[in-house]
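Protein chains: 2
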Amino acid sequence: MDMLHMAALAKSAAVKLGVQSSQAKNAALSAIASALSARAEEIIAANRRDLAAAEQAGIAPAVLKRLNFGEAKLAEVRRGIESLIALPDPVGKTLQATELDDGLELYQVSCPLGVIGMIFESRPDALVQISTLCLKSGNAVLLKGGSEARHTNQILAQVIAAAGQEAGMPCGWLQLLESRAEVSEMLHLDDYIDLIVPRGSNELVKYIQQNTSIAVLGHADGICHVYVDAAADLSMARQIVLDSKTQYVSVCNAAETLLVHEAVAEAFLPELWAELQRAGVRVLGCPATQAIIPVEAASEQDWRTEYLDYVLAIRVLPTLTEAIEHINHYGSHHTDVIVTADSQAAASFFGLVDSADVFWNCSSRFSDGYRFGLGAEVGISTNKVHARGPVGLEGLVIYKWLLKGQGQLVADYAQGRRKFTHRALDRKFSLE
Amino acid sequence: MDMLHMAALAKSAAVKLGVQSSQAKNAALSAIASALSARAEEIIAANRRDLAAAEQAGIAPAVLKRLNFGEAKLAEVRRGIESLIALPDPVGKTLQATELDDGLELYQVSCPLGVIGMIFESRPDALVQISTLCLKSGNAVLLKGGSEARHTNQILAQVIAAAGQEAGMPCGWLQLLESRAEVSEMLHLDDYIDLIVPRGSNELVKYIQQNTSIAVLGHADGICHVYVDAAADLSMARQIVLDSKTQYVSVCNAAETLLVHEAVAEAFLPELWAELQRAGVRVLGCPATQAIIPVEAASEQDWRTEYLDYVLAIRVLPTLTEAIEHINHYGSHHTDVIVTADSQAAASFFGLVDSADVFWNCSSRFSDGYRFGLGAEVGISTNKVHARGPVGLEGLVIYKWLLKGQGQLVADYAQGRRKFTHRALDRKFSLE
Numbered sequence: 001m002d003m004l005h006m007a008a009l010a011k012s013a014a015v016k017l018g019v020q021s022s023q024a025k026n027a028a029l030s031a032i033a034s035a036l037s038a039r040a041e042e043i044i045a046a047n048r049r050d051l052a053a054a055e056q057a058g059i060a061p062a063v064l065k066r067l068n069f070g071e072a073k074l075a076e077v078r079r080g081i082e083s084l085i086a087l088p089d090p091v092g093k094t095l096q097a098t099e100l101d102d103g104l105e106l107y108q109v110s111c112p113l114g115v116i117g118m119i120f121e122s123r124p125d126a127l128v129q130i131s132t133l134c135l136k137s138g139n140a141v142l143l144k145g146g147s148e149a150r151h152t153n154q155i156l157a158q159v160i161a162a163a164g165q166e167a168g169m170p171c172g173w174l175q176l177l178e179s180r181a182e183v184s185e186m187l188h189l190d191d192y193i194d195l196i197v198p199r200g201s202n203e204l205v206k207y208i209q210q211n212t213s214i215a216v217l218g219h220a221d222g223i224c225h226v227y228v229d230a231a232a233d234l235s236m237a238r239q240i241v242l243d244s245k246t247q248y249v250s251v252c253n254a255a256e257t258l259l260v261h262e263a264v265a266e267a268f269l270p271e272l273w274a275e276l277q278r279a280g281v282r283v284l285g286c287p288a289t290q291a292i293i294p295v296e297a298a299s300e301q302d303w304r305t306e307y308l309d310y311v312l313a314i315r316v317l318p319t320l321t322e323a324i325e326h327i328n329h330y331g332s333h334h335t336d337v338i339v340t341a342d343s344q345a346a347a348s349f350f351g352l353v354d355s356a357d358v359f360w361n362c363s364s365r366f367s368d369g370y371r372f373g374l375g376a377e378v379g380i381s382t383n384k385v386h387a388r389g390p391v392g393l394e395g396l397v398i399y400k401w402l403l404k405g406q407g408q409l410v411a412d413y414a415q416g417r418r419k420f421t422h423r424a425l426d427r428k429f430s431l432e
Numbered sequence: 001m002d003m004l005h006m007a008a009l010a011k012s013a014a015v016k017l018g019v020q021s022s023q024a025k026n027a028a029l030s031a032i033a034s035a036l037s038a039r040a041e042e043i044i045a046a047n048r049r050d051l052a053a054a055e056q057a058g059i060a061p062a063v064l065k066r067l068n069f070g071e072a073k074l075a076e077v078r079r080g081i082e083s084l085i086a087l088p089d090p091v092g093k094t095l096q097a098t099e100l101d102d103g104l105e106l107y108q109v110s111c112p113l114g115v116i117g118m119i120f121e122s123r124p125d126a127l128v129q130i131s132t133l134c135l136k137s138g139n140a141v142l143l144k145g146g147s148e149a150r151h152t153n154q155i156l157a158q159v160i161a162a163a164g165q166e167a168g169m170p171c172g173w174l175q176l177l178e179s180r181a182e183v184s185e186m187l188h189l190d191d192y193i194d195l196i197v198p199r200g201s202n203e204l205v206k207y208i209q210q211n212t213s214i215a216v217l218g219h220a221d222g223i224c225h226v227y228v229d230a231a232a233d234l235s236m237a238r239q240i241v242l243d244s245k246t247q248y249v250s251v252c253n254a255a256e257t258l259l260v261h262e263a264v265a266e267a268f269l270p271e272l273w274a275e276l277q278r279a280g281v282r283v284l285g286c287p288a289t290q291a292i293i294p295v296e297a298a299s300e301q302d303w304r305t306e307y308l309d310y311v312l313a314i315r316v317l318p319t320l321t322e323a324i325e326h327i328n329h330y331g332s333h334h335t336d337v338i339v340t341a342d343s344q345a346a347a348s349f350f351g352l353v354d355s356a357d358v359f360w361n362c363s364s365r366f367s368d369g370y371r372f373g374l375g376a377e378v379g380i381s382t383n384k385v386h387a388r389g390p391v392g393l394e395g396l397v398i399y400k401w402l403l404k405g406q407g408q409l410v411a412d413y414a415q416g417r418r419k420f421t422h423r424a425l426d427r428k429f430s431l432e
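Just so you know, the sequences run in chain order Y and L. Numbering (my numbering) for the first sequence: 1 to 432. Numbering (my numbering) for the second sequence: 1 to 432.
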């Protein structure tokens, strides 16, 4: 089937999926979890083929690890599906209800987006996670995985699509794309696809953001800052910097740049530097940093770099204002932290830092859907519209305005025969 | 100043505008209303120059009418500003609050989008309306109006920008673009501009949607349907069709296509046709319609046409399902109406019609921010993300996640020394 037909099928499936009851969707999710267990041997065999081919091609051990999908991963994705079943249905919530006039009632009710285009690299578990998130939120999904996981993705998509369909979900609710050409084509199908969710390298995300007019949910860079203010508790600051930098270096919410107020730089940097060295962190610094600790010079490019590694760039600045300007100018609007005992400084930082997540006196690593208590994470968004920061299921829904009348006409209001009441109703949508 | 510098200035203004208090923004809005009165003569004189040039160029009377900006329009936009001042501030609302752990509190707080790019045609009052909506919601704005209103737009932008700035709003909060080349450039400045709002012809909106990866809020077509079900009250249906079609024909929420269930077509169409003729509506129909009333043939292209005129295309269909499929296939996902006494038919229509506004037993013309009670209307969106249907001030805001801690580190949770509580807090964000 060509891309256009796949997209049209997905759109027609989405309409039917959008009216499935919570019970039906949860039953389908259970069926998918069972099918993944029942077909475990085939799935693991397919994954072994991908792993063997990747090893032969000399792929890096880190990529091989992400590619691996054995018993442990299967158990993990099944647990993920069980938690997803337990979450409330994001569809059908009455967000607002207003009486426009006697017998004319307006309801704003959440509904699925429609068709989600998902592009991900190397981790086959992402396929299970995103397809079940889409099902729970009533969205059809077009998936494209990395070619190195081709066999694993094929069997997973086949098992999940079939189990969902047997449990009553519409034909075409999940479809797997096979080629890059299909992805390019998909990016232009704005009449069929409502949201693109890329998960992978900065390059992948940037390429997609720049090559589609469809909304894209995600983030390219995670250039996160910790700013240590003049009024910081320096022992707390040291721990926060170490946790933000070293607790897990290869993730988007790890800190890449440390900004230090000049008033505390001399007191703060030497001890921090000793600890960073013990943790194996390579440190780069601005001239003012180099005047205090003997580190390599940071170039301007370092302020724009997401190392995703044991590397930290340090800049000493004379004011909070300049720290905020640095963050807004060089950062990626993802997660930024201030350490300070001065609540006025925190207030300025909260107000003026233009990032999805702005933190005071805690680690940047808290920026995560599970830690935020969202239950499930679709991704982390640095968009300014729709959804920002860690995004749960509510990022996959929008709303409709439903208006129930008894024959009301606009001419009556335009000509003053009737008046709007515009009274808020404390009521959920129902047909009665 | 070139476009890139204008955009950079707007972005830096947006950061400062985002933290203005409600009082300061309302004071600036009052100052703008006063300045518009104080400078009325200059504004009206500039508008006369535009009108004279347009008349000389032989521009259509309808366009001339929209271009006119005299005492009456000035009074109208001033009244608009007064109502805007009375509306609640959409910025700084706590949308959600969660205790992640003792002393670690997460707040989701509404904030401005940042920089809005606004492109509008011919009506200078749109300049006043959108710039004041942006100010109220804390957004900087880059405006481009139609060239036929050049002088009016220049004086209005100058008066409004200066009055806002004198009242304490940051320099660059409102800037006027002068050329089409600047618009083309603006559409590529996704690092600076957070949302594009086009207001004008279908062609303008489509051009913009297809030429930017920045989010666009708006709608191109308004191909709205009224579907008269087998179980409709035919007298109610007749009135709803007439109001939806003729109450104001040149607007996006007027009906363009009538769908009729075949079971009631013979009883319904002849009397309706008589009334449509009295109202001066030209009627086109499918073969089944033509078998009942002597009207011109509708082509497939008619189902995709937004007439914005006294023209109605009629199609008779055998089932509700086919009516829904027609709407989802040919419509523009704007506003669609079912007339029926059967609540199960209404339930299917509400669930399966993929439109921003889905109405039951009332006119399509209710699809409007003021009629919906939103207080102010930014526009009507047929997007699936961010904001859908009539959009009020809340379409110009997003949110930040603010996390207040006391030195918490992720390592403590990862290693099981501490556990998340994830307890909902019934509390607004504050620094204490």
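There's no promise every hint is true.
Said to hold, decoys possible - Calculated cross-link-like contacts (lysine-lysine; reagent style DSS-like; alpha-carbon spacing at most 25 Å): (1) L/Lys93 <-> Y/Lys428; (2) L/Lys419 <-> Y/Lys93; (3) Y/Lys93 <-> L/Lys428; (4) L/Lys428 <-> Y/Lys206; (5) Y/Lys419 <-> L/Lys73; (6) L/Lys16 <-> L/Lys428; (7) Y/Lys73 <-> L/Lys419.
Rather than coming from a laboratory, the hints here were simulated on the basis of the structure.
Structure-based check of all given hints:
no. : hint                  : result
1   : L/Lys93 <-> Y/Lys428  : holds, 23 Å
2   : L/Lys419 <-> Y/Lys93  : violated, 30 Å
3   : Y/Lys93 <-> L/Lys428  : holds, 23 Å
4   : L/Lys428 <-> Y/Lys206 : violated, 36 Å
5   : Y/Lys419 <-> L/Lys73  : holds, 24 Å
6   : L/Lys16 <-> L/Lys428  : holds, 23 Å
7   : Y/Lys73 <-> L/Lys419  : holds, 24 Å
Consistency with the previously given hints fails for numbers 2 and 4, ordered from lowest to highest.
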